[in-house]
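Novice: Protein chains in written order, with our numbering: chain F, 1 to 240; chain S, 1001 to 1240; chain R, 2001 to 2240; chain U, 3001 to 3240; chain A, 4001 to 4240; chain H, 5001 to 5240.
What the hints contain is simulated information worked out from the structure, not anything from laboratory work.
To give a feel for the contact side, a few chain F residues facing chain S, derived at Cβ under 8 Å: (1) 28; (2) 29; (3) 102; (4) 103; (5) 107; (6) 132; (7) 133; (8) 135; (9) 136; (10) 192; (11) 198; (12) 209; (13) 212; (14) 217; (15) 220.
Residues of chain S placed beyond 10 Å of chain R at every Cβ, according to the derived structure: (16) 1121; (17) 1155; (18) 1163; (19) 1166; (20) 1169; (21) 1240.
Using N, Cα and C, we set each Cβ at its ideal position, and we do this for glycine too.
There are 6 protein chains.
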Amino acid sequence: MSRILVVNSNTTEAVTARIAATALAACPAGASVTTISAPFGLPLIVTRADWLVAGPATLAALSAHRGGYDAAVIACFGDPGLDAAKELLDLPVLGISEAAFHAAAMLGRRFGVVSFTAALQPMFEDCLEHHGLRARCAGFRMGPGFSGDPGAVADERRGLLLDLVRQSVELDGAEAVILAGGPLAGVAASLQPEVSVPLVDGTAAAVRLAAALVGMVPRREPRLRSLAGYGAEVSRLYTG
Amino acid sequence: MSRILVVNSNTTEAVTARIAATALAACPAGASVTTISAPFGLPLIVTRADWLVAGPATLAALSAHRGGYDAAVIACFGDPGLDAAKELLDLPVLGISEAAFHAAAMLGRRFGVVSFTAALQPMFEDCLEHHGLRARCAGFRMGPGFSGDPGAVADERRGLLLDLVRQSVELDGAEAVILAGGPLAGVAASLQPEVSVPLVDGTAAAVRLAAALVGMVPRREPRLRSLAGYGAEVSRLYTG
Amino acid sequence: MSRILVVNSNTTEAVTARIAATALAACPAGASVTTISAPFGLPLIVTRADWLVAGPATLAALSAHRGGYDAAVIACFGDPGLDAAKELLDLPVLGISEAAFHAAAMLGRRFGVVSFTAALQPMFEDCLEHHGLRARCAGFRMGPGFSGDPGAVADERRGLLLDLVRQSVELDGAEAVILAGGPLAGVAASLQPEVSVPLVDGTAAAVRLAAALVGMVPRREPRLRSLAGYGAEVSRLYTG
Amino acid sequence: MSRILVVNSNTTEAVTARIAATALAACPAGASVTTISAPFGLPLIVTRADWLVAGPATLAALSAHRGGYDAAVIACFGDPGLDAAKELLDLPVLGISEAAFHAAAMLGRRFGVVSFTAALQPMFEDCLEHHGLRARCAGFRMGPGFSGDPGAVADERRGLLLDLVRQSVELDGAEAVILAGGPLAGVAASLQPEVSVPLVDGTAAAVRLAAALVGMVPRREPRLRSLAGYGAEVSRLYTG
Amino acid sequence: MSRILVVNSNTTEAVTARIAATALAACPAGASVTTISAPFGLPLIVTRADWLVAGPATLAALSAHRGGYDAAVIACFGDPGLDAAKELLDLPVLGISEAAFHAAAMLGRRFGVVSFTAALQPMFEDCLEHHGLRARCAGFRMGPGFSGDPGAVADERRGLLLDLVRQSVELDGAEAVILAGGPLAGVAASLQPEVSVPLVDGTAAAVRLAAALVGMVPRREPRLRSLAGYGAEVSRLYTG
Amino acid sequence: MSRILVVNSNTTEAVTARIAATALAACPAGASVTTISAPFGLPLIVTRADWLVAGPATLAALSAHRGGYDAAVIACFGDPGLDAAKELLDLPVLGISEAAFHAAAMLGRRFGVVSFTAALQPMFEDCLEHHGLRARCAGFRMGPGFSGDPGAVADERRGLLLDLVRQSVELDGAEAVILAGGPLAGVAASLQPEVSVPLVDGTAAAVRLAAALVGMVPRREPRLRSLAGYGAEVSRLYTG
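Given the sequences, and given the hints that come with them, work out the whole structure.
Specialist: What follows is the structure in structure tokens.
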């Protein structure tokens, strides 16, 4: 039985609940899934600065549960803390944007990215370039600025999101479309019956792909060093 | 229960047997796997011309078993027939090079590619560029020309392959290494205990990732047209 | 006297006739040209799957006439079978998209691509990336879906094509424009008097460039192997 | 009088002292420079995980001195916290790798990167790609693994570094060479008399370029939000 | 005291006056600036051919004043003669497009380019690609054709330029915007109070960055050769 | 009868003679070829500065013979003056590097570049990037520094060149190899019998491709302007 830990990198419990439901629905046979919030940080991760401070918060969550999971998912679309977690933990760690990009690339030659607010586009573009899949992307389609409750945006903007998906397919030539952003967990499944190309939910894709990679990372000796100024969870990743 | 069909695009039964064993070992809980050979074509796929003629042969295999599987794997490192199969079948189809590139990219920031003969490099490079992951590749390390039995090369060249893997890690900075080529199915698992970075077997990765993507492709209406000059299996993909 | 063989990769004789006329008009001094249809396959090549099955059909045509030509042209815009033909034949083989991209790049720093139906865009984009000239392309301008007679579309959509060419020049900054697709053979010459930048016809460009490259490929020893499941023409390319 | 704040992202005072001396030597007319260490974190930044945890430590240093400088330099070669600092502060912030890449690109068409230990290469490569100047880089030349005192490595490995610079020029065609890594501050000036192409010191380049950009960032209204789990300095960047 | 020579590559004195005023306003403490026109050539540099013939004219200006400056700026947005000047002179030489691209990249992750006439776009695009910063560019926004007085266009089209800047920020996501073209020297400072992202003036950026790089180019032995057909100034760069 | 004018951009008559012989040998049926030297400039074009001053010299040659040719070739491997000539003349103009890159790309999927001296590599790399075919290049193999007679280097270094070609094929995987540099005109034909992949001579390729493109550039109205400081030939291109 593979145990998957899903970490919401923000501190909004309504978003964590939505992610948990989506992760559970996607959990494959022979696996179990647990979803937790970051223990500190911000209620919503929007900018590059937010991404940075959410990184150690995500590591703290991963450290606190160490030994209790076989693969991990970072459920925030910019993948805060991802490279550090891959380096510090000797098991598969996937970000939901990373998983979404790879899954979409396997399901369609060019994929679109849709989300609820244009404010996320710079962070998403950095993320796409970081993962090296820019050439497979047919373009972004983002909603206007948003200042409401991130736990409710998926329902409030459902119609807008469906329109954006259709533009991605019809105008940009997307052969698969990613519904991007932690607050949109579960939206892809809800819209799929109305769309003819695969819709990709980052959380669902990450849970499935993380389970698929369990056991593929060999044990490594940690490089123990002294880290100051962080809480016990983060420091323990450095000091064993 | 997800049913995975694995097609060896060449006609060498010893290679099919090796692929079948690797696929079975990688088959996740809740899935079953069946491995078959291409019904016609060539005993070994080496060049771009080989890749082309292996494509319809692979489609014929996929067509003959249609209805009996939920996802498919094309087990030949250049992925012959892959784009056509994705288009003609409304279920996930993965090539073993495609799966290896994506899995390796999720397991290490830069991945190396190792294989038994330099003759395969041009086809592999085309394939890497086609999948758009060139920027994630740390380089190729290939053995010298080979003219022996493809079913036996994995055992004959085991020491050479281990040396090439080490060069990829130490000289090229690879953080994960792909053992590439249908005839090398199973070699990654055999060498992993001697190597500190993840070794990726295309067949194993493809079986796991294909199982992970089951159900993510919506039903499509086929575009029925008339195809002449191919056998019944290939033609049926066009004429329903 | 250089002999150029032009193969229409589809089986529609009206398209072959149009290609033949365009090829003949473009045939340079000191060369002769013969145009034939694929002996089997599909009436129109639109998708990636079509491209694959048209490949062996194109090889069969090239094989049937072997010894009777000094250079060959594959007259279907996605260039089906091109890499295989280059590998199996020791004489120049050009695809009409390959020739169009190279000619346009020599005639203008950034070139546009215009065609009659958006359905062709994915195959054309793959083709552009395969030839490595993406950075020289100013963009695509494609007409809407088409389900009529491919032999008549050039005439039916002449006005639309002229509009698309003008958009390519004025909005995308194209300094040369390719009229893409086998069924558009000859359209470039017809529209040129109304346009101030060079218009490139893939068939005409390919005939001229193929003639220009005659004699530049040295003789090679074939690698004889056994290919099963194809007709005599295709197999003969493998078995000598 | 422009005031430049230089932050060493690690906590090793001997490295801070070396950076301070180099920064002072590079300080242009009409500017003053102050160099400080990160208030917490790690003694040496080597890996991607180190980079992440050094980010908030760097922000804390920048926040603690806010109002006391007109431009800032992050003096750690991977530029930890750089994008966040650019976003949170409305004045120029440069990383020493960012400054080195841009200065080297203005001084030579292709630049080399030399450093004392190969362990830094993955972080440097990520950094080069992030800044988008990969195409201008002639390659990396790195020394072997290092486990000694980072404050002393510049002196201990001086001969090795000179050899690596020469290889970069003669074998890789570099027309300018970056001496990379906070612990190598000042080495470029020391080696320059023995080398015919410009040697670039990230710290010196960053101080000069930061001074050059003073006044070019307009005032922005902060987006005030609540950040939990960080000390007062980091939180104040979010809460005003 | 660093002496900066600024060369307007065209022969329009009104443009030189505007450049001189902008250069003077940007001149940092401890530096002096002198601005001159090209001694021959064209009144406005618009096309690639113009760029070529402006190159030797720019070299002639640089040669005539040799010994009288410590760094030089080529104040014409396509940077005519830049690579040659870098090679022939052993001191820093910056083009205003080069400086604008680098400064904008240090001030915002993706920068826009705005200018008064679309006719300049092909030369600007070539220039952007030459400097290797294409990936950092959010796009071009150019005004319509222009045939008036280049010395007056900055005032005549001020409103249009402000609109284009806003489109660049709001529609293209630019985080910094370049006002491109020698005739637009000084416009960025004039528009900055109305815009929330940094506006970059190539001339101002180049003067500041050139001053920052003074002293960073080592002395080189010239390769003396015989150049015929040019005036004394250009020839002297070859013959010492 | 198509008339091709070939311009050697340097002033060394021995090189012009070698180019003339190669151009004549490559001249296709129905075409005639005339080869001339630049009327002024340098005896050998090696660096980026040389490239610039050779540009107007090349234009002068093209202008002096205007009306007497239907297509032109610039026979200097960096293609000095090429973009300007394409813009100022309404007929096909090809550079020998441009033609070599395109011909090699049509003859082999990845091409190597071989020349007699490493000093040319920076200019060749700039040129390759300018033409956008970097992704098709398998790498450069260059001889050591050269200070002898450029008219004799082809004979003196024949053995070295053959070795470099073989390294390009065997170590870099080149499927076609360019013998680059005006002074190497004719070497490809001389070495071809000893090599199994196509060898490409830029001069020969350019003559053939230029002849192939005759008639493909429509008449354009010149933009007449006043150019000062150049001789009558160059000025006439601007003033009609």
